[in-house]
Structures are given as C-alpha cells and as structure tokens.
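A.B. asks: The listed protein sequences derive, respectively, from chains W and V.
With this note's numbering, the residue at position 279 of the first sequence is 279, and numbering never jumps.
Take the position in the second sequence, starting the count at 1, then add 460; the result is the number in this note's numbering.
With the C-beta cut set under 10 angstroms, the calculated list includes, among others, these residues of chain V facing chain W:
1. Ser486
2. Lys488
3. Tyr537
4. Arg637
These are computed hints drawn from the structure, not numbers from a lab.
Note that this is a predicted model, so its numbers are computed, not measured.
We put the beta carbon where it would ideally sit given N, CA and C, even for glycine.
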Amino acid sequence: MTTTLAGGRAARRQTMRRIRPRRSPAVPLLLAVWAGAAAVLWLWWHDTPSIADDTGRILGAGRITGLLAGYLMALVVLQMARVPALERRVGSDRVARWHAMSGRYTLCLVVAHVFLVMWGYARQAGRSLGDLVQQTADSVGQLPDMGKAAVGTGLFVVIGLTSIGPVRRRLPYDTWYHVHLLTYAAVFLTFWHQITTGNDFAVEPAARTFWYGLYGAVTALVVWYRVLAPIRLNLRHRMYVEAVIEETPGIVSVLIGGRRLHRMGAEAGQFFRWRFLAPGMRFSSHPYSLSAAPRPGMLRITVKAIGDHSARLRELAPGTKVWAEGPYGALTAQRRSRGKVLLVAGGVGITPMRALFETLPGAAGDITLLYRANTTRDLALWDELAAIAEERGARLMYAVNSPEGERPDISAENLRRKIPDIDRHDVFMCGPPGFAQSVYEALREAGVPARRIHHESFEM
Amino acid sequence: MRKSHPVRRVVLATAATVSGVVLLLSLKPASDPAAASAAGAAPQATAAGQESPQGGSRGAAPAGSGTVTGDAVRTRYGAVQVRLTVGNGRITKAEAVQAPTGGLSDQKTQLAVPKLNQEAVAAGTADIDAVSGATYTSEGYRKSLQSALDRMEQAPSGASGSSGAARARTVTGKAVRTQYGPVQVRITVTDGRITRAEAVQAPTGGLSDRKTQLAVPKLNQEAVAAGTADIDAVSGATYTSTGYRQSLQSALDQAGG
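Sequences and hints are given; from them, build the entire structure.
C.D. replies: In structure tokens form, the structure reads like this:
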C-alpha cells in the first residue's frame, strides 16, 4: 500500500516528479513496417526488367501480391509473439486489432496471389481461364514445395473462415483458438515455396538472406516470448490458487499465491493470461486483470461469471496449480501525463481501475474514481474502494440505475459539474464497449483531449 | 477510441492495393532496356538469342583458323556474347561483342571483360574463374565461350569438304505447345545420323528459364546419343521433355521422308 501524501505544493511537486509519460512506440513501428513493404516492392521492381504483355502483367501482379503476403505473414505472426514492447507499450488490445486487420488483409493477398499466378501460368500454357483448376493441380504437382504450400494455403483459408465474425461467435473459444494455432503450421508450409519457386528469391541471394532473416527473427521471438519466457516465469514463481471469494452475486475474486510475486514486474492496470490446471480448464487460458497491486506473496484477479470458463472459477479448489503468462497491457501509470487523474470503471471493468486507484501516485484530491454499475448491490469491491479513498483522500463516485431502472446520465455537462477541471485530467477507462464509447464521447465534449483518454478495448 | 468504419476500411484497402499494383505494373517498360541496348550493338544475334534460349544464333562456321562467335547468352543485366579468333586450332584472341551496359554494369563490364578475355586465351577452355563482383557477366561469358568452343570443334566436320556438307542437312521439327510454352527442335543430320540437336524454341519466363537451361542441353545430348525420339525425360521438366520428344519425332519423320 502506498503511503498517503499530505496535500500541498511540495507533495504535488513530488508526485509530478514521478510522472514520466512514455510514448507509445506505435508510430516508429508503423514506419518500419511501411519501409519493409517498400523494400519488398523494390525487390520486385529490381528483378523485373520488363513486362511484355497481359500475361506478364497478371504474373507481375501475382508476384507482387505474393511478396507482400509473405512479408505481412511474418508480421502477423510477430504481432502475436507477445513481445513486451508491443504488449506493454503499444497495448495488447491495439496489437490484437492490428493482428486481426493485417491477418484479414494478408489472407486476401494470398488468395489473390494464388489466383493471379495460376491464371498467368494458364495463359502461358495456352489454356483458358476455365482450366484454372487443372493448371493449379499441375503446378502443385510439378513445382518444388508447391504441395506443402497448397496444404498451408488450405489451412489459411480454414483459419480465416473460423475468424469471420458470425462464425467465430458461434464457435467455442477453445475451438477457435486451437484452429488458430494451426497458423504456425500454415506459415511453415507456405514458407518453402517462396524460397524455391519465388522468382525473386531463386535468383537473388541477398533477398533470400533477408527473407530467412525476417522469418528467423520472428521464429526466435515467438519461441522466446511464447514458450521459454512463460516456462521461466512459472518455474520461478510457482503459482497456485489460495482462495476464491464471492464479491457480489456473479463476481468472484481469486487469490493467487506463489513465490516472490512482487518480482514478476507486474504493474497495476495490467493483466495475465491465466490457465488453471483443474479438470476441464487446463486447455484454455484467459486474460484477467489484476484487481490489486501485486504483493510479495499474493496476486488477486476479480472476474465476472459471464462465460463458461469464468463461471467455473467459482469452483476452483484451493491449491490448484496456476500457469500464468504476462504481465501484458499498457493501461498503466506510464500513460499518465498530468497530476490529476479520473478513473472510469463500468461493471467488472473496476478490476484494473481498483489496482490503479490504490497505486497511482497523487496528493489528496488528485485521484477520482467514477464507478458505474446497474445497482448498488453490483458495486463489487466497494468497501475496499471506500477504504482506499478515505486513506488517500481520493474521491469516489458511483452511478447506478434509478430504482425504476433508468440509466444514469453520464454527459459532458454532468461530468463538468462534478469535476469542474475535468479538462486538465488524465482519464483511464475500462468497461463494456458501449459504455466506453458513450463515456469517451462525453469526455471529448467536456474538453478532455483524445491523447489523454487511456482505454483498453478487446473488441475486434 | 475513434469509431471504426469497417466497410470504409475494406474499400480503402482494396482500392489502395489494386491501384498500387496497377501503378507498379504500368510503370514497367514493355521491353528490357538492357537487352534493347545490346540489341542495338548486334541486332541479329540478340534477336536470335531471344527467341531461342539454347542458341540458334551461329557465327559462320570457321575453318582451321578464323573467328567463331558463341551464343548470345542473356544474363540478368544484359546479353553476353563472345567471339574467338582461332589460329591453328588454338584461341589467339577472345573478345566480348556484347556485354551488359547501363548503370553499374558499365563499370563492371569494363572491369571484368578484359580479365575474362585474358583468362579465355590462357586457358583455352571455358573453365575460367569468375571475376568477383561480376558474377552474372562471368557466368554468361563462360556459357557463350563454351558455345564458341563447341563450334570450333564442330568446324572440321562442318567444313570438311563439299561432299560432307551436302550430306549434312538440318531439319526443324514442328513447334509443340506445352503448358509453359512451345518447344521446337532442330536437328542436323549427317550420313543419316543426328550429329547435332538444339531447341530453337523452349519455355521462357519465370521458373521456366531455369528449367530450360537445365533440361534442354541434356535433351540435346540424349537426342544425339540415341538417334531416335526415344529419350528419357529430364525430371523436373516433364512438360518440356514431352514437347521436345514430340518435336524431335516430327523432325526425324521429316528427315526420314
């Protein structure tokens, strides 16, 4: 528990000294990605002296889409390698959205590449567009590594189909996830035909080296951050379930014990992906935020029983072993740039806000928490929050539906009335998508600049 | 947390990708500038070289001394063609009548070609070292040199007298269309035997260039050795081999009839 700072200028100065906002590396990363894409296009440009006719143009388009797809494929995998710079600085939510977006785009490029190249080859062989299937079968049979590539492409299509919105919502999360893991196999299978039949890599040793380097680096990062780093983390800290506590109807806290848990480098506002080694739960891991700052022997998560998995948490026996990966998430004190902070929580979104409310440095009156729930009974962790507020001299507000079920009015006007200097605050927000969107708009209208509204959303 | 517009994003991404690809394709010239400039230097040879990757362009068959010109060999940076001056069956002078030009290639050509010429005269064979930094040109030079040397060896039989020449005739088979492009075989028949086989047409472009380079010389050898169209296919180049066999058969039919 942080010590409470008395009010006054000296305390304020001390607080500000501890605030060192770190910029998200998103912009330089995106620039690097574009530079790489330009290099890939240049490779094609350099290796193609001329294009004589339409067949050449079709093949050219096929090669460009293929090169770009091969390049983006590596990045799509990299985005899910759980690299700390991405997970903790850019933000897991944003990286996941990049992954979804670039994954869809890459799959479209793959399909275009297959179609264009086969069409081009068919024309070269004097066949019509109707013979495309025959042409594809011939090419797969004759060219090196094309059999593997065909299997890989088939996998990509299956993975893409299971990720389309309506399909994904109907599939159990675990099924979708395990199908998605096939991506690694698909990338491996499609890699070799790029090297052996790809025009640019077959003739240009430097390009081949670059490609091996790109895929090698991504493989190394995936192996390290997705496999070895979690193994090390769990061997070191050996976590287990200490107790399960029902906070309010439908919301439970899980206390997790282990060795030297304060040395995991977790900060308030971050989350881990948890896997509970209990029957029926060991094959899926789920992201849950820490609902209290880590202590030497204890971590706590607070979860709303909405899904299959979270409902089962209630029955966890003390002593159950826990496998965790993390910490991830960028919704931490690092984002802060101002002395004053408003935390906005909707429902179970209180968990990271509760941890931040406890640990964000600040003088009395600097920190405000606004907690939205359906009824006062649903205000999980309220007693703790009240205790923290009293100890720190922080402000705690809640907004619940009226007894008639009417929603509270969180508008720009109301916000300004309650917090007159709201436009000089940093705002941290966590809650369901609809709630977050409407609060975001109200905050913007109340004069809070977008760069000071910090929000994590796992909506795709 | 800006509002996302999925449809707008899809339309934008598609439009940007398609227009980018179309722009790149349309900026490419219709013919290779390097090859075009080489064609200016030796129009006939290059034209022939382009339509028949395995060398249809042949210099005048020399006697014991004279000049022999090798095939124009296309490299990534332009065509390379070697001319040898032969005296008493030995190479007395080697020169490149075509070599890559333009951009960096000028420098490389200036650097590499004199060395390669010296090496060729010294070695008397095509087994010469590549000049570092000019690997492609060296490779093309070696190939062209080899074809010139082949011609030197054939020269005695080709010019061994009017009676021999009368009996030697060339027959070109019909062009057989394969999946990757047409294949057409020309054979030289002397005294009823195939003394030389070559492909005047073979698949080009993309992977086919490599496959053609790999397969056609083997098929040529096989044809000469077998004397019939009953030759083995080169693995990895099944279509080209099949086309070659058919064209060879038609040439043999013509030669026989």
